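Those sequence lines, one after another, are chains W and P.
Number 8 in the numbering used here belongs to position 8 of the first sequence; there are no gaps in the numbering.
Number 1501 in the numbering used here belongs to position 501 of the second sequence; there are no gaps in the numbering.
One thing to keep in mind: the hints can contain errors.
[Unchecked claim] Lysine to aspartate or glutamate pairs mimicking EDC-like chemistry, simulated, CA-CA at most 20 Å apart:
| # | chain 1 | residue 1 | chain 2 | residue 2 |
| --- | --- | --- | --- | --- |
| 1 | P | K1097 | P | D1112 |
| 2 | P | K1328 | P | E1367 |
| 3 | P | K1381 | P | E1311 |
| 4 | P | K1373 | P | E1326 |
| 5 | P | K1224 | W | E29 |
| 6 | P | K1097 | W | D7 |
Worth flagging that the hints you see were computed from the coordinates, not collected in a lab.
Since this is a predicted model, take the numbers as computed values, not measurements.
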Amino acid sequence: MPDQPNDLPPFVRSWPQLYAIVIGALVAEMILFYVLMRWLS
Amino acid sequence: MSGLDWGILVLTLLGIIAYGMIRSRGSQSMDDYLLAGQSLPWYHVGLSVMATQASAITFLSAPGQGFADGMRFVQFYFGLPLAMVVLSVTFVPIFHKLRVFTAYEFLENRFDTRVRTLTAGLFLLQRGLSTGLSIYAPAIILSTILGWNIYWTNLIMGGIVLVYSVTGGTKAISYTHLQQMLVVTFAMVLAGYLTVKMLPEGVGFVDALHVAGKAGRMNLIDLKFDPSSRYNIWSGLIGGFFLQLSYFGTDQSQVGRYLTGQSIGQSRLGLLMNGLLKVPMQFLIVLVGVLVFVFYQFNPAPAFFNTRETELLKQSPYAKEYQLAEIKHQNLAGQRQRAVVDMQAAIQTNDEAGQETAATTLRETDEALKAVKTSIVDLVKKNNPAADTNDGNYVFLRFVLDYLPHGIIGLLIAVIFSASMGSIASAYSSLASTTVVDVYKRLIRPEDSDAHYLQASRWATIGWGIFCIFVAQFANRLGSMIEAVNILGSLFYGVILGVFVVAFYVKSIGGRATFWATLLAEVFVVLSWYFDLTAFLWLNAIGCLLVVLFAWIFQRVMGETDEVRN
Chain W
1 MPDQPNDLPP FVRSWPQLYA IVIGALVAEM ILFYVLMRWL S
Chain P
1001 MSGLDWGILV LTLLGIIAYG MIRSRGSQSM DDYLLAGQSL PWYHVGLSVM
1051 ATQASAITFL SAPGQGFADG MRFVQFYFGL PLAMVVLSVT FVPIFHKLRV
1101 FTAYEFLENR FDTRVRTLTA GLFLLQRGLS TGLSIYAPAI ILSTILGWNI
1151 YWTNLIMGGI VLVYSVTGGT KAISYTHLQQ MLVVTFAMVL AGYLTVKMLP
1201 EGVGFVDALH VAGKAGRMNL IDLKFDPSSR YNIWSGLIGG FFLQLSYFGT
1251 DQSQVGRYLT GQSIGQSRLG LLMNGLLKVP MQFLIVLVGV LVFVFYQFNP
1301 APAFFNTRET ELLKQSPYAK EYQLAEIKHQ NLAGQRQRAV VDMQAAIQTN
1351 DEAGQETAAT TLRETDEALK AVKTSIVDLV KKNNPAADTN DGNYVFLRFV
1401 LDYLPHGIIG LLIAVIFSAS MGSIASAYSS LASTTVVDVY KRLIRPEDSD
1451 AHYLQASRWA TIGWGIFCIF VAQFANRLGS MIEAVNILGS LFYGVILGVF
1501 VVAFYVKSIG GRATFWATLL AEVFVVLSWY FDLTAFLWLN AIGCLLVVLF
1551 AWIFQRVMGE TDEVRN
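Given only the sequences and the hints, what does the whole structure look like? Please build it.
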């Protein structure tokens, strides 16, 4: 099965960029959770 | 359950199954049956992967975790997005390029037939038994709370899945996964919304979060590195990463899902979608449990949520002791309710000293309530040694039945069935594909028509379905279900992951060294568990490391007599 270039979502230029988005989202979630915890404790 | 609940339950389940079967109609080849003809788009792959992982116990147990232990359970999933990236970079392109049906086919390419057959055998043993437990685990909770016959519940739970798995194959499974995930997400959001709506007047969603926070339930991040603590950011990122990598990379029930993607890119996108959505989804599910906790701060909660066991206690010689514990629970619950009302007033007037005083009372009564619950658990165990004392599994369902309106009850029971069906269907499919591709076609009947193997796949699905239902019928002799499933997984996952780690990353090791290393590591892992040398979760890491270490040693000893293929 070929890896089609058009498999990438719009506005994403490469797979490494998409991997960075997934890891970035995780980091953002962890920061958000930390802030939420501090605010509510 | 009322007639309306039954109607909604039956219609939801029939609707999901009918949709899956209609969409998967048409002539089928073995490729269609096992991998949906590798034709599915990324969102199908992603939702199918998510539905496979989210079993019924996820929706029963995770809110219970939130109720009893707060949000910290979410950290367990932090390693998952990282694992999805590693899988997208390494596993997915290799599996797709080799056009394999199962993950174990790759091992023959890299090593030899023996390693492939051994690893496939370990998978079949582990997955066959744990699927039986996966049928039994939600069935026992539903039958306990709703008074259903456990044997019929097992049979219906496992049997419905068997019908559409055999007739529609992987395509039907994937289409039903799509519907199941939509129903499950909608119902959980609705359950959370209704829980907040039932809070006392003047207590909104943000107020509920504040109450939960003061009671120590918004413990989302624990930065302290403590190996004895099960859920902190480090165990989630490191331990969770290895666990998810072995599950998604080497368990055919997951590999079979992302191999259905129409290209490498579509499979990757499906996995990355899982990486993006899994943490928020778990956050939502556990948050529902935390909201149920807040609800019970303002309303009377049962001392023990598995009410069937407390009914038995009332008829037993321990009735007096139980009655005393229940009175203690009621007194403490009253104290807690007063503290919560005080806290709510202090939050609204920005009275920080008042908030702190109420929070201290709240935490103290919470600890005292936990001690009362422990004493009740002891009584339940004394009265009925076979009782399921994991009360957390019963919290959400008890709440749904006692407080949510009719109709929604039916919908949420359908969610539990749907989630269970989603993971069982993937398990049946993976057991059939591994049996036919790695055993039957490879070792018993290598040269036959596609139609013959398609027929064999259907029979293998039926055979494994019957086996898993049979295991479920005897599972009540195994004690705590969740622990049994986890122990069983830990006995095999680490070793199987070790084989794949050697295959991917230690190119200098050949098949013979890996085969003997796998066997020896499995013996070590089983003995470690049998003699209780370590907590079972560590068996995953130990198994993986032992395979790599033994294989490296054996390769040095065997030297050039072991052929190395790269």
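So, going through the hints one by one against the coordinates:
Straight-line distance between C-alpha atoms of K1097/P and D1112/P comes to about 19 Å, which keeps the hinted pair within the 20 Å bound. With a C-alpha separation of about 13 Å, the suggested pair K1328/P and E1367/P falls inside the 20 Å cut-off, and the hint holds. Proposed proximity of K1381/P and E1311/P is supported: the alpha carbons are some 14 Å apart, at most 20 Å. Taking the CA atoms of K1373/P and E1326/P, the gap is near 9 Å; set against the 20 Å cutoff, the hint holds.
For the hint pairing K1224/P with E29/W, the CA-to-CA distance comes to about 18 Å; that is within 20 Å, so the pair holds. Our distance criterion of 20 Å between C-alpha atoms is met by K1097/P and D7/W, whose separation comes to about 16 Å.
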